[in-house]
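K.L.:
Spelled out from the first residue to the last, the chains are:
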Amino acid sequence: MNEILTTREVVKSFGKLQALRGVSLAVGKGELHGLIGPNGSGKSTLLKCIVGAETTSGGTITFDGMDVTRVPPDQRARLGMCLKFQVTSILPALSVYDNVLLAVQRNGSLGQLLRSSTRRALRPEVTTLLEAVNLADRASVLAQELSHGQQQWLEIAMAISQRPSLLLLDEPTAGMNREERRATGDLLERLARGTSMVIVEHDLDFVRRMCTRITVLEQGEVIAEGSASEIEQNENVKGAFIGRR
Amino acid sequence: MINPRGLRARIRVIPLLEVVAAVAFVLVPAFHSGFATDFAGRLIVLGLLALSFDLAWGYTGILSFGQALFFGAGGYAAALVATRLDVTSVFLALPISVVAGAVFSFAAALLLLMGKRPPTVIFVALGTLAGSFAAETLAAGWNAIGAANGIPSVPYLTIHGAQLRGVPFYYVILGLAAVIYIGSRLLVRSQLGLVLAGIRQQEARLLYLGYSIQRVKALVFVFSGAIAGLSGALFVFHAGYASPEILGVLLSTKTVFYVFFGGVGALIGSIYGVAIVEICGNILSQAYPNVWPVLLGAILLLVVMFRPSGLIGLVVPLAERVGSFGGRDGNGKGPRENAQAGR
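Chains as they are written, first to last, in this note's numbering: chain G, 575 to 819; chain S, 2 to 344.
It should be emphasised that the hints constitute simulated quantities derived from the structure, not laboratory data. Hints may be right or wrong, so weigh each one.
To be verified - Under the rule of at most 35 Å between Cα atoms (straight-line distance), these lysine-lysine pairs were calculated in the DSBU-like manner:
id, chain 1, residue 1, chain 2, residue 2
1, S, Lys255, S, Lys117
2, G, Lys590, S, Lys117
3, G, Lys603, S, Lys117
Quick caveat: nothing in here was measured; it's all calculated off a predicted structure.
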């Protein structure tokens, strides 16, 4: 088996609204998979269903060969799944350093955490991660004082620190300027090499640069899948995007 | 390498407040006033109860509106073993009350916190409130534990056969409170304390980092229940009786008030909250018995509306209340961007 993630006919309903109408998706090990589509097409909902933030109304989700459809989100995270949320969800009143420490110390037992026995040992790892996302000189600042782009990088550092086998990124460059978007791409290429990723993004240049395969969602359904050039030629995709403009 | 201690404010207020409180409590018996010593002992006992609530709510986001349930469980356990089994040794009676508080809070944690999905704050608040109300009602109607009259004439606590009363008993209470306070402080400043700080800010985020939030919450809740149980026993030995009110809604609500008034999420705030409310209450309730309850209610309303972080928020900046968890072995000066967050 070469797939790290498979969704089969995933359905998600909010009352009468069907946000996902039988979405099937396969992400190979080490693959960088783009997920694009107009606003409201179900991209973020699909990511939330994958990590367990939303329960599915139908279909199955398989992660590394294991059916995780009903597995709680904390267990999915421990299995190796990590989501960077669309809305930046760092811990604002903790320092930048403590945000990363919180992510890095996750594997410690309750006893270790109570005794603070890994605090010193984890310092090099936290430092390395902060240096990698260019936040080392901001380590002692409260996370809420970072710029938007820096907060996104902090969250990426927290996600990568988990050494996930699948990293789900919901609009990692939202609100960033061109230079920051380029730096984010470099960052992901450098830090998450070998990690499978699903990237939801509106910036098609970024998706083109990062992803080897792309899935297009429209109104909760998959309307196209393939390489960037295949997607660009797809009539359904042209219709979906042009129809919205 | 980064020195995460840089976050620490240059002047730290919390240790100052702790030293002032400790010195004040140590010196009370020097005034040779039986009333003052007795009153200060009561403040310490209620301070422990408030501290147990702050651990649950201020640090872990569990709105335990029935903290008196665990206080009363410890109190009744101590009163029962002292009067029925003649167990008054400090080394037996107090551990029994700690276990009683822990058992009751564990049962509450199983029912309220350990469901399939994380419970809402309101669910836990109503659940604990209902538990406190039910326990008070049950105790008031249960003849085997004295019904509405409770258990009177609880004997003095003893140590190696010698009765503890007056100043020696006061210092035993103070010593135990100091141990509990230091233990709680170590807990909230540990790496587990960092997890608690995370839970308080963004519980869902920690879930997706892979933390078993409910287990962590249950652990702290049981610890807080055990502290409440111990304070309940100290209250009973201090007052000489146990009555259904020590399990009830009024005391539970007052506990919430102490902490909201003094300062949520800063252990020392609970102690100051109890001291200020009780001292003001003692003075004003004698001078203006009809005005004081109204004034108390108005003060709570103002604090909740305008100073949600409580009185402690007036003097301790957010950065110090939250604290830094990076460690104590830094290598010199921290980065210059030391956060001096607003109060």
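K.L.:
For every hint, state whether the structure bears it out.
P.N.:
Against the structure, the hints:
1. The suggested pairing of S:Lys255 with S:Lys117 holds, with an alpha-carbon distance near 32 Å, which does not exceed 35 Å.
2. For the hint pairing G:Lys590 with S:Lys117, the CA-to-CA distance comes to about 25 Å; that is within 35 Å, so the pair holds.
3. With a C-alpha separation of about 31 Å, the suggested pair G:Lys603 and S:Lys117 falls inside the 35 Å cut-off, and the hint holds.
Violation of the numbered hints given earlier is absent; every hint is satisfied by the structure.
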